[in-house]
Amino acid sequence: MLLLLLMLLMLLMLLLMLLLLLLLLMLLLMLLLLMLMLMLLMLLLMLEKKQLLNNPKNF
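Just so you know, numbering that gives the first Met the number 0 puts 36 at position 37 of the sequence shown, and the rest follows in order with no gaps.
To be clear, the hints were calculated from the coordinates, so they are not data collected in a lab.
Mixed in with the good hints, there may be bad ones.
As the list claims (entries may be wrong) - What follows is a set of in silico ranges between Cβ atoms, one per label pair, in the way DEER data are often shown: (1) 20 x 43: 29 to 37 Å; (2) 9 x 33: 51 to 59 Å; (3) 21 x 46: 31 to 39 Å; (4) 15 x 54: 56 to 64 Å; (5) 51 x 15: 48 to 56 Å; (6) 15 x 36: 26 to 34 Å.
For glycine and all other residues, C-beta sits at the position ideal for the given N, C-alpha and C.
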């Protein structure tokens, strides 16, 4: 009986750890995505600046 309870508890802990790991992974993924979007935004801004420099008559 006690052994069964112990095994159940260990299983539960394992599941919890897996869940936490998954959550961490998702957070990391989101952070990566955010960084990528920021980089794209910066790139776009730089391109726009360059275009403005290239044709001042449009400004």
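Item to check | Those earlier numbered hints the structure runs against, lowest number first | outcome: Number 2 - this is the single hint that the structure violates.
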